[in-house]
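K.L.:
Residue numbers (this note's numbering), protein chains in the order written: chain Z, 1 to 318; chain D, 1 to 318.
Certain hints may be false.
Capping the alpha-carbon separation at 20 Å, the derived lysine to aspartate or glutamate pairs in EDC-like fashion look like this [said to hold, decoys possible]: (1) Z:Lys73 <-> Z:Glu52; (2) Z:Lys76 <-> Z:Asp25; (3) D:Lys219 <-> Z:Glu195; (4) Z:Lys231 <-> D:Asp210; (5) Z:Lys300 <-> Z:Asp265; (6) D:Lys307 <-> D:Glu213; (7) D:Lys201 <-> Z:Asp210; (8) D:Lys268 <-> D:Glu228; (9) Z:Lys76 <-> Z:Glu12; (10) D:Lys231 <-> Z:Asp210; (11) D:Lys44 <-> D:Glu213; (12) D:Lys201 <-> Z:Glu213; (13) D:Lys274 <-> D:Glu313; (14) D:Lys274 <-> Z:Asp185; (15) D:Lys201 <-> D:Asp227; (16) D:Lys268 <-> D:Glu251; (17) Z:Lys274 <-> Z:Glu316; (18) D:Lys201 <-> Z:Glu254; (19) Z:Lys274 <-> D:Glu195; (20) D:Lys268 <-> D:Asp185; (21) Z:Lys219 <-> D:Glu195; (22) D:Lys201 <-> Z:Glu251; (23) D:Lys201 <-> Z:Glu195; (24) D:Lys300 <-> D:Asp264; (25) D:Lys146 <-> D:Asp185; (26) Z:Lys268 <-> Z:Asp302; (27) Z:Lys146 <-> Z:Asp185; (28) D:Lys231 <-> D:Asp264; (29) D:Lys274 <-> Z:Glu195; (30) Z:Lys274 <-> D:Glu14; (31) D:Lys103 <-> D:Glu14.
Computed from the model, here is a short list of chain Z residues facing chain D with C-beta under 8 Å [to be verified]: (32) Val69; (33) Gly71; (34) Asp75; (35) Tyr165; (36) Thr197.
What the hints contain is simulated information worked out from the structure, not anything from laboratory work.
Beta carbons: idealized from backbone N, C-alpha and C, even for Gly.
Okay, here's what each chain looks like letter by letter:
Protein chains: 2
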Amino acid sequence: MVENRIIKLINEAERIAILPHVSADGDALGSSLALAIALRTMDKVVTVYLEEEIPSIYSFLPGRESAQVYGEKPDKYELVLALDTGDLERLGRRIAIFEEADKTVNIDHHTTNTEFARLNLVKVSSSAVGEIIYQLIKMMGIALDKDMATCLYVAIATDTGGFRYSNTTPITHQISADLINNGVDVANISQLVFETTSLPKVKLMGKAIDNMELLENGKLAFIYITDEMLKSIGAVEEDCDGLVNIGRNIEGVEVSILIRQRGDDEYKINFRSKSYVDVSSIANRHSGGGHVRAAGCTVKGDINEIKNALIKEIREVL
Amino acid sequence: MVENRIIKLINEAERIAILPHVSADGDALGSSLALAIALRTMDKVVTVYLEEEIPSIYSFLPGRESAQVYGEKPDKYELVLALDTGDLERLGRRIAIFEEADKTVNIDHHTTNTEFARLNLVKVSSSAVGEIIYQLIKMMGIALDKDMATCLYVAIATDTGGFRYSNTTPITHQISADLINNGVDVANISQLVFETTSLPKVKLMGKAIDNMELLENGKLAFIYITDEMLKSIGAVEEDCDGLVNIGRNIEGVEVSILIRQRGDDEYKINFRSKSYVDVSSIANRHSGGGHVRAAGCTVKGDINEIKNALIKEIREVL
């Protein structure tokens, strides 16, 4: 069992580095910090190396004292664990730490994982790497505490969209039950992680709603976002994330399209569908790609022509 | 144990009526339908009597064939179970069924429950009545199926705000694990229950965001909704529910206030706070009430004077 071999490597090592993926999200950060806290109870010297600062939304996570943004190349580590990292590129500049280590471990749940380490624990049925780390901590006989539980809860809750995505399993809930038993403050963390929004993001939602068009008897929603809109309210590119869902979530809408104008004639297009339209096939026609219910492409040209072409293509499948 | 006495009454009865509270929500409906499905597997004659039609958001719930809106007074039932109902008033017109029954049972989780039935099972530590019904079904030795599991999952997920409120316990998650094991389609139900919005509601959110004012260095949010706004977009009163949270959820905001103008000089005011301001004490000063983090009042007079008075009162506690 690869878990036992990983635990043996951990037991034998003194200096251990943990590497979440670049642009670390709740699962990458929560899993890494939980593991760091756990390994410190075993008197290991543990550092979580990050590519960037911890996003402010996760600044409440315990265990941050074990984490630092990668700067100069540190001394060699005996053991390096990459967490939630599908391939080596997702380690960014920190690949230097990974490549210099004596022993390397890759713990992940992405189906696309390239098994790039000496030992690879890739469990695609796990909703989050947080689930895998929970099980490892249990197998190592380390007693969970509130800090570890909080980090693992954030990992699992964020990667399941708050227990809403299809990756949510009975195991996800069983583990969460145990984490809450160990002191997680569910209401407070949910407020911090799921309900807090920046002012520019809220204003951008307002703009998106105001200019949303419903076509084809309310089955098709178009949202249009320009550089000027972002500038006028101090919003940044990542504030556009999820805006396309405002249209998709409206009763009766099957396809929602977000057109993000960039510069003079380039448009980034996001597609979402609710239950039967395959938007990836539409994105494919415009040299894009994605999944059946979520896809995207980037096109150039006149926006009205682009829009009319899209309406025509979607009308055929609505 | 009162559970055993309730099970004995169920075993002895042939005709059973189940009564969720008026304006039945996800927990009241989900619990009632799950229990009806379970009792039908025991060949009982079971009817769920509703005060109103099932809201469209819950129209997907299994077991609706056991439910009907109360019309003429039905024949006498041997056993009537009131679910999620804090007091007799919450039965509305259906109190007639309750009062005529030979045996009555009250299954609830509200701290304010008045224990109005012959047998009362009030478990205030349960996040939802769905948890209590789950346990009863297990105790009766009935095998869960996908339909019961779906109803109970909706009951629990809605009453915990999607596992986000402080009433979410380890038991909540353990039960949810078992429900998912019995076939709940988590992603589909989450989409239907949590993510679907009506077009007027979305437009009203846009209006609320557009006219939101941030005062006191971004710590105080004001949202103003008028009759005309609702009319212009075809929104109804219940579309105002939750709008106050748009302000509360913004980073840095401590107090959010929704002013709902009604008629010429009446204003319904909703208060929310994030972490330290006691808004119930402010609502109390205006003959309102509520909780520390959520309160409300209704005032008459000039809106600018009202607003200035509120700003002054809140400034003192920010």
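K.L.:
Does each hint hold? Answer for all of them.
P.N.:
Results of checking the hints against the structure:
no.: 1; hint: Z:Lys73 <-> Z:Glu52; result: holds (15 Å)
no.: 2; hint: Z:Lys76 <-> Z:Asp25; result: violated (26 Å)
no.: 3; hint: D:Lys219 <-> Z:Glu195; result: holds (16 Å)
no.: 4; hint: Z:Lys231 <-> D:Asp210; result: holds (16 Å)
no.: 5; hint: Z:Lys300 <-> Z:Asp265; result: holds (5 Å)
no.: 6; hint: D:Lys307 <-> D:Glu213; result: holds (12 Å)
no.: 7; hint: D:Lys201 <-> Z:Asp210; result: holds (13 Å)
no.: 8; hint: D:Lys268 <-> D:Glu228; result: holds (15 Å)
no.: 9; hint: Z:Lys76 <-> Z:Glu12; result: holds (15 Å)
no.: 10; hint: D:Lys231 <-> Z:Asp210; result: holds (16 Å)
no.: 11; hint: D:Lys44 <-> D:Glu213; result: violated (57 Å)
no.: 12; hint: D:Lys201 <-> Z:Glu213; result: holds (15 Å)
no.: 13; hint: D:Lys274 <-> D:Glu313; result: holds (17 Å)
no.: 14; hint: D:Lys274 <-> Z:Asp185; result: holds (15 Å)
no.: 15; hint: D:Lys201 <-> D:Asp227; result: holds (14 Å)
no.: 16; hint: D:Lys268 <-> D:Glu251; result: violated (25 Å)
no.: 17; hint: Z:Lys274 <-> Z:Glu316; result: holds (16 Å)
no.: 18; hint: D:Lys201 <-> Z:Glu254; result: holds (18 Å)
no.: 19; hint: Z:Lys274 <-> D:Glu195; result: holds (11 Å)
no.: 20; hint: D:Lys268 <-> D:Asp185; result: violated (39 Å)
no.: 21; hint: Z:Lys219 <-> D:Glu195; result: holds (16 Å)
no.: 22; hint: D:Lys201 <-> Z:Glu251; result: holds (10 Å)
no.: 23; hint: D:Lys201 <-> Z:Glu195; result: holds (18 Å)
no.: 24; hint: D:Lys300 <-> D:Asp264; result: holds (9 Å)
no.: 25; hint: D:Lys146 <-> D:Asp185; result: holds (9 Å)
no.: 26; hint: Z:Lys268 <-> Z:Asp302; result: holds (13 Å)
no.: 27; hint: Z:Lys146 <-> Z:Asp185; result: holds (9 Å)
no.: 28; hint: D:Lys231 <-> D:Asp264; result: holds (15 Å)
no.: 29; hint: D:Lys274 <-> Z:Glu195; result: holds (11 Å)
no.: 30; hint: Z:Lys274 <-> D:Glu14; result: violated (43 Å)
no.: 31; hint: D:Lys103 <-> D:Glu14; result: holds (12 Å)
no.: 32; hint: Val69; result: violated (22 Å)
no.: 33; hint: Gly71; result: violated (28 Å)
no.: 34; hint: Asp75; result: violated (38 Å)
no.: 35; hint: Tyr165; result: holds (6 Å)
no.: 36; hint: Thr197; result: holds (5 Å)
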